[in-house]
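What follows is each chain in one-letter form.
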Amino acid sequence: MLGSLREQVREVVSTCASPAIRADLLKVLGRPGYALHPDGSCRAGLLALEVDQAVRGEPPRRTALLAAAAVELQMEAAFIFDEVADSAPYEHRSEDLALAIALLTVGGAAAAEAAAAAPDPSAALRHFSMAYGEACAGQFLDAMLQRRREATLDEALQATCLKSGGLGKYVAGFAARIAGADGDGVLLFERLGSHTFTLAQLVDDLRDACARGQGSDLAQGKATLPVVFYGQGINPPAPLDGMLSADIRRTYESSGAPLYVAILAHAYLSRAQEDLSLLARQGYAVAGLVRFLESVDSSAAETLNAARGGLVA
Amino acid sequence: MQVAALAEALISARRPDGAISLQELETWLSRAGLGELARAVASLAQRVDDVKKVARDPGYPWV
Chain P
343 MLGSLREQVR
353 EVVSTCASPA
363 IRADLLKVLG
373 RPGYALHPDG
383 SCRAGLLALE
393 VDQAVRGEPP
403 RRTALLAAAA
413 VELQMEAAFI
423 FDEVADSAPY
433 EHRSEDLALA
443 IALLTVGGAA
453 AAEAAAAAPD
463 PSAALRHFSM
473 AYGEACAGQF
483 LDAMLQRRRE
493 ATLDEALQAT
503 CLKSGGLGKY
513 VAGFAARIAG
523 ADGDGVLLFE
533 RLGSHTFTLA
543 QLVDDLRDAC
553 ARGQGSDLAQ
563 GKATLPVVFY
573 GQGINPPAPL
583 DGMLSADIRR
593 TYESSGAPLY
603 VAILAHAYLS
613 RAQEDLSLLA
623 RQGYAVAGLV
633 RFLESVDSSA
643 AETLNAARGG
653 LVA
Chain E
3 MQVAALAEAL
13 ISARRPDGAI
23 SLQELETWLS
33 RAGLGELARA
43 VASLAQRVDD
53 VKKVARDPGY
63 PWV
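Chains as they are written, first to last, in my numbering: chain P, 343 to 655; chain E, 3 to 65.
Hints were generated in silico from the structure; no laboratory data involved. Be aware that one or more of the hints could be misleading.
[Said to hold, decoys possible] So the derived list for chain P, only partly shown, Cβ under 8 Å to chain E, looks like this:
#1 I363
#2 L467
#3 C478
#4 L495
#5 F571
#6 N577
#7 I590
#8 T593
#9 E595
#10 S596
#11 G598
#12 A604
#13 A609
#14 S612
#15 V638
Only a predicted model underlies this, so the values are computations on that prediction, with no experimental measurement involved. Ideal Cβ placement from N, Cα and C applies to all residues, glycine included.
Using the sequences and the hints, build the whole thing.
Dropping the structure here:
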């Protein structure tokens with residue numbers, strides 16, 4: 343499915359974007375971590391395709407691929423905003439922002455075409471626009487908390503759930519509406535998307551909290567849950583000039599922050615598994631979604647297992 | 003989710019040597035009515051056990 347999704351993304355960009363920037367859009371999507379790079383995970387598009395299969399019980403048709411490409415392009419635009427927000431000023435910043443906005447418009451065009459085949463096109467498009475706004479609110483809160491430097495754990499969780507959970511809800515809800523799921527089913531798919539993407543974000547935050555170099559979340563003072571938990575300890579040493587000393591690393595590892603976030607990640611994994619059980623009971627063909635959740639969990643395994651230091655089971 | 007209560011529980015469950023008992027943490031959370039988080043701790047403990055078993059298996063010397 344990944345190959346078909348990438349092909350659809352290429353086609354949408356090639357047919358819907360202004361010819362003046364098509365090559366630049368394809369180039370940015372080919373960067374490491376982005377959709378057209380061989381290692382790009384395309385998590386949003388793949389979740390959309392699995393939701394479609396769960397609802398219709400057959401391989402994705404063009405409409406489903408268009409819907410998946412639409413949400414993937416919105417996700418890629420969010421990645422660019424994230425990258426620009428996290429980087430020091432650099433000369434390509436304004437060009438990248440223009441490309442991110444172009445991706446949003448191209449994604450919107452693909453969504454309109456996909457929604458035309460949905461049972462309720464206007465409801466599908468309304469969700470496409472409004473639910474993405476929830477994720478934008480999360481991005482805003484995240485940036486605001488980072489600048490304020492004194493986030494609480496509840497605020498950090500709220501930002502995580504809005505930013506990443508919001509994206510998962512947006513992706514799964516759009517795909518479910520396009521595929522023709524009923525009202526209860528749409529709500530369950532949205533919950534599954536929210537819990538799965540929140541799990542993935544917690545694992546990313548765990549991995550990035552104390553990463554080497556200046557790029558770690560701790561060095562940047564981000565308002566992620568492990569960083570906020572660490573900051574609430576008794577006089578935790580703070581990074582100097584954005585560098586993490588060996589002392590800070592040791593203090594972080596023994597602070598309980600990795601274990602704290604690993605427990606939260608397991609709670610969201612359980613929620614997602616419960617959503618899958620409810621969907622199966624309603625008659626949806628969830629085998630692909632089970633594999634999708636397993637792939638998120640298995641990519642998290644190394645990070646979650648690394649959080650077990652200092653434990654007495 | 004009760005993230006502040008979990009943080010408090012984790013600090014309370016810490017032993018003088020700095021180690022944290024997952025079993026004690028699970029009990030503390032259950033008593034505090036935080037069943038979902040208690041189950042998450044149990045799930046994590048199971049994962050830790052599984053990794054230990056794999057690590058002891060001579061078929062997996064690289065773990």
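Have a go at the L495/P hint: is there a Cβ in chain E nearer than 8 Å to its own Cβ? Cβ of L495/P sits 4 Å from chain E, so the hint holds.
Hint validity - F571/P Cβ closer than 8 Å to any chain E Cβ: The hint holds - F571/P has a Cβ within 8 Å of chain E, the shortest such distance being about 6 Å.
Minimum Cβ distance from A604/P to chain E below 8 Å? holds, 6 Å
Given a cut of 8 Å on the nearest C-beta pair, is the interface hint for I590/P held or broken against chain E? violated, 17 Å
Given T593/P was flagged as interface, is its beta-carbon under 8 Å from a beta-carbon of chain E? Violated. Min distance 11 Å.
For the hint on G598/P, just tell me whether its beta-carbon gets within less than 8 Å of chain E. holds, 5 Å
Per the CB criterion, is S596/P less than 8 Å away from chain E? holds, 6 Å
V638/P as chain E interface residue, shortest Cβ-Cβ below 8 Å: Since chain E brings no Cβ nearer than about 15 Å to V638/P, farther than 8 Å, the hint is violated.
Please verify that hint: A609/P, Cβ, nearest Cβ of chain E, below 8 Å or not. With Cβ-Cβ at 4 Å, under 8 Å, it holds.
Mind checking the CB of L467/P against every CB in chain E and telling me if the closest is under 8 Å? With a minimum Cβ separation of about 32 Å from chain E (threshold 8 Å), the hint on L467/P is violated.
Would the hint on E595/P be counted as holding, given a Cβ-Cβ threshold of 8 Å to chain E? Violated: closest Cβ of chain E sits about 11 Å from E595/P, beyond 8 Å.
Interface hint check: C478/P, Cβ to nearest Cβ on chain E, cutoff 8 Å. Holds or violated? It is violated, given that the least Cβ distance between C478/P and chain E is near 22 Å, above 8 Å.
When each numbered hint is compared with the structure, violations occur for hints 1, 2, 3, 6, 7, 8, 9 and 15.
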